[in-house]
Every structure is written in structure tokens, then in C-alpha cells.
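Following the hints, position chain B against chain A.
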Amino acid sequence: MSVTTDRQVLKPAKLRPFLAPTRLWRLREELPGQFYGILATASIVIPLLAWTLLSLSGKVEPLFLPGPDQVLQAFVTMFTEKDLLVDVGVSLARVCGGFLLGALVAIPLGLLMGSFKAVQALFEPAIGLIRYMPASAFVPLLILWLGVDEPTKVALIFIGTIFFNTLMVADTARAVPKELINVSYTLGANRRQVFFQVLVPHCLPGIINALRVNMAAAWNLVIVAELVAAQSGLGYQILRAQKFLLTDNIFVGLIVIGLVGLLTDFMLSWLRNTYTAWAN
Amino acid sequence: MTALLEVIDLVKTFPHKKESLLVLDQINLTIEQGEFVSIVGASGSGKSTLLNIMAGLIPPSSGAIQLQGRAVTGPGPDLGMVFQSYTLFPWMTVAKNIGFGPRMEGLDPPAVAERVNYYLNVVGLSPFADALPKQLSGGMKQRVAIARALANEPQVLLMDEPFGALDAQTREALQVFMLNLWEQTKKTIVMITHDLDEAIFLSQRVYALSSCPGRIKAEIPIGLGSSRSLDTKEDPYFCLLKHQLRELLHEAKNDLAG
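Chains as they are written, first to last, in my numbering: chain A, 1 to 280; chain B, 281 to 538.
Just chain A, same shape as in the assembly:
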């Protein structure tokens, strides 16, 4: 091995390029000033503007793409004359019913699966298999078993969300640092105390996150259920609007679903920020 000794080898080395500065494309960094607000506004305004211009240009038949004004008018009519709020309530009740029933099973089961290998071994293979079966494929079976009324719709949402919720909650429980559990033992806590007073509180923010993600699936499925068999609800309204070629009503249905979904998301996010602020 050679050893560098002399000073004359200290020629200035050829420099390789430095990382070029940028304002907008810094990885995982904040944006300068009002940029975030501007871009966020644009994400709503630009599609709205494009929609307006397209309908104003007259190049698209209103039957296929009604203008924003037409949709707004339809919204007002549906809201005041056709009990749109009732349909929202009906769909929301189905979503919440199926989702909450599912969560009531998924949260304890997930916590147990993430905490005890025995429970994991008992449930994970089965759940891992079933979760790949699309929930909507269960519709014929559910109709056969439960009829075409409310139980089928609630059961569809239950099936469609419970497995994902369970697995995500189990992952959250598995992510609890082992040292936190060990230190609790050395402080005199027994297994039951560690489960309820260390593991569960540590999992709360993760559980709320899992619910937020899977709530979107619940909204998907309620519409599937209502498209198949229903006399009320937003999905039913969309199907009815299609039969009578009321394209503007379809748009109202879609937008309302989006808004209500967003609202439930805000609620869960508020819950997380209020009750588990320590995790932020």
C-alpha cells in the first residue's frame, strides 16, 4: 500500500457539482410563502374553470356534460323539492352502520392479532385470503342470504371494510416499540396492564388513521349496494337519474358523495388531532 507524503500532490482537486438550489422542488420541505395556498386553490379552480369553459363552448351536448350552473340549479331543486338531505342521511346511516359494526370487531381483533402471535396465527391466513375477494362480488350471495333490504347493504360495508381495518390495526399494534413494553414490565405492570395502558393508547392514532383510509372504501360500497337494490340513498338517486337521462342529477349525486366523504374524513382527522395530539 502506498502512502501519500509530499505536499506537491495537493493539487486542487476537480470539484464535482453541488446540488442545484430550487424553491419548488425541495424534497420533503415547506413551500415559500403563499405557494401552498395558491396551488391548493388551483387544484379546485382549474377543473371547475375547464368544466365551465367546455360547457360554454357548446361543443359538448348538455345531456353528456351539463354546465356548472345547471348542476347547481339541480342541486337546489333536489335539495328543496326532492329531499336530497333524506337520501344523504340514508346513505350515511348505511355507511356508518356497516363501518362502525365492522370497526367494533376489527379494532379489538386487530389489537389482539398485533399483540399475540397465537391470535395472529389463528386469523391472519384466513383474513389474508378473504380480503382479496372483492366485497362487491359478495352482493349476489348477500341478497340470497339476507334479501334486498337494509341488512344486505350494511353487511356489504361490514365485509368490505372489516378485513382491511383489522390488518391495519394489527400492523399498528406490531409497531409499538418492544422497549416500551419491556420498560412497563420492569415498572411492575402485568400483561393486562401493559395491553390496556400502554399498547392500546400507543395504537390510538394509528387506529384513527386506519379508519380514515378505510372509510373511503365504505363510501364506495354503499353506492354499489344502492345501485343494485334500493329505493333511497345517493346511489339510488344516481341510478334513477340515469334512467331518466337527468345527467345534472348524476353530477349532484357524485359531488354530494365527495363532499360528505370529505366531511367524515375531516371529523376523523379532527378526532386524531384533538385526542392524540401527542403523536403529531
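There may be inaccurate statements among the hints.
Said to hold, decoys possible - Label-pair ranges, simulated between beta-carbon atoms:
#, chain 1, residue 1, chain 2, residue 2, range
1, B, Ala393, A, Arg174, 32 to 38 Å
2, A, Asn280, B, Ala445, 18 to 24 Å
3, A, Asn280, B, Asp515, 44 to 50 Å
4, B, Gln464, A, Gly37, 51 to 57 Å
5, A, Ala279, B, Ala344, 39 to 45 Å
6, A, Leu100, B, Ala344, 50 to 56 Å
7, B, Asp447, A, Ala42, 40 to 46 Å
Stated by the list, open to error - Distance condition first, Cα-Cα at most 27 Å in a straight line; then the derived DSS-like pairs of lysine-lysine:
#, chain 1, residue 1, chain 2, residue 2
8, A, Lys178, B, Lys298
9, B, Lys297, A, Lys117
10, B, Lys376, A, Lys178
11, B, Lys467, B, Lys513
12, A, Lys178, B, Lys297
13, B, Lys298, A, Lys117
14, B, Lys513, A, Lys178
No lab work stands behind these hints: they were computed from the structure. The model shown is predicted, which means the values in this text are computed figures rather than measured ones. Glycine residues also receive a C-beta, built at the ideal position from the N, C-alpha and C atoms.
Relative to the frame of chain A, chain B by itself:
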């Protein structure tokens, strides 16, 4: 008279690619009531494993741990532990963290509060009683972890590189803090560290552990007396001890190479 804590003929092997890897070989330790003992060793000497076994968190392959002559079969409130990583409960305030052990024990709220206030005062963190762990600096977090372990009034306090994650200045400040704390409470403390300065500065006795497998290479009494300060670290006797200990650990490594 039996010692407070004894490690008797302890052997630990881990399964490794169909074979078993010897991590700790025939470890014998004796810790007397009120002593501060350190175990030093290079990384890979299995010293963390040793402390975890002493805490009852990992079962030994053979041999035994005895606390007051009783076999340690699992973790419990009499073997308190402070880890290197931050292990405070992030959703609890400092006071709630410190009160965790007493609450688990079933003490009534006024008794818990009294215990919490006492130990908050001991570690000098009373003004931070209602702060969350994420609002504290690394050094403060470890002080809370120490207070939390002490508030449970364990027979022995085990510390696994408690200052390992701290910067040099904070580390030294906490060493002085620990020295004062031990002088005040005369708690029996066993500390694992790779920092020879830290071990000599704080301990009455130091065990040197060789690497791969971990064996007790030597047991060195530290005759520095009870009036120690940071200046003690420049004392010729202190330097001699450090030199001796470094040679020992070096030998242990050469044994391995040869």
C-alpha cells in the same frame, strides 16, 4: 450474608444458522446493597443481553439470577430499568410517566402524587411536570426515565447505556447528576457502558467484559472515595485505572484475534 443481586454461572446462547452462538459464558457477578457497579465491554460483548437477563426480560440458557437469594424468573418492580433509547410514554405528561409504576402497583392517587412530586424534585424537573416527553431535550428525557424507575422504589436500578444517546456535554452533566443522586439515595445501581470514564467516575467496582463470547475478564475496585467531582477525571489515579481498564479490554480483544 447473601448479596443483594447475584449472577450465578450464567450462560446465554442464541440460535444462529442451525448452530448456537455463545454470547455470554460463565458469568458470575455479585452486587451488594447500596453499591454502584458498572459493567464495561466493547460492542458485541453481550453486555446489553446480560443486563436484560438480569432484569428478567430474557431467560438465560443456563445459570441463574438471584435477588435476595430468590430466583429471578421474570421482570418485576424490584428490578428497575433505564434503557439507552428514549422509552417514555409519549402520550403521558412527565408527572404521569413518573407515576406509572406506583399506579400499576395500585397506590391511591394522593400517594402517587406524593411519590411523583418527591422524585420530580430529586431529578430537578418539577417545573416540567405537565410537559409531554416530545417537549423535552434528550438529557431531560433520561432524567425523567431515571425518576420513573426510582419512583417505583426498586431494589436494584439497572441502566443500559443510559447516556449513550446524549452529546458529550450533556453526558458529563448527567454523570455528575447521577453521582449526586447515588450519594443522596444510596440506591443499588448496575450500569452498562462502553465509556471507561463514565464507569470509573461513577462506580465502586467495575467489571470488564471480553467480547465474543462475553466473559468476565476482571473485577476492578475503584478506590476514588466518596468526594468525587469532574476534576477527579484528571486525577493520576483515575488515569491509571482508565489505562489499566483499557489494557484489559484490549487484551480481551487480542485473545479473540489470536
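Satisfaction of hint between Lys178 of chain A and Lys513 of chain B, Cα-Cα up to 27 Å: violated (36 Å)
Taking only the CA atoms, is the gap from Lys376 of chain B to Lys178 of chain A under or equal to 27 Å? Satisfied, since the Cα-Cα distance of roughly 20 Å is no more than 27 Å.
Given a hinted range of 44 to 50 Å, is it respected by the beta-carbon distance of Asn280 of chain A and Asp515 of chain B? holds (48 Å)
With the threshold set at 27 Å, check whether the alpha-carbon distance from Lys178 of chain A to Lys297 of chain B stays at or below it. holds (24 Å)
For the hint 40 to 46 Å, verify it against the beta carbon of Asp447 of chain B and that of Ala42 of chain A. holds (45 Å)
CA of Lys298 of chain B to CA of Lys117 of chain A, is that 27 Å or under? The given pair, whose Cα atoms are some 23 Å apart, holds under the 27 Å limit.
With a cut-off of 27 Å on the C-alpha distance, tell me whether Lys467 of chain B and Lys513 of chain B pass. holds (23 Å)
Do Leu100 of chain A and Ala344 of chain B keep their Cβ atoms within the hinted range of 50 to 56 Å? Between Leu100 of chain A and Ala344 of chain B, where Cβ atoms are some 52 Å apart, the hint holds.
Between Lys178 of chain A and Lys298 of chain B, does the CA-CA distance stay at or below 27 Å? holds (26 Å)
Using the Cβ atoms, figure out if Asn280 of chain A sits within 18 to 24 Å of Ala445 of chain B. holds (23 Å)
Taking 51 to 57 Å as the hint, is the beta-carbon distance of Gln464 of chain B and Gly37 of chain A inside that range? At 56 Å between Cβs, range holds.
32 to 38 Å was suggested as the range; check whether the CB atoms of Ala393 of chain B and Arg174 of chain A agree with it. Cβ of Ala393 of chain B to Cβ of Arg174 of chain A: about 35 Å, so the range 32 to 38 Å holds.
Violation of the numbered hints given earlier is confined to hint 14; every other hint is satisfied by the structure.
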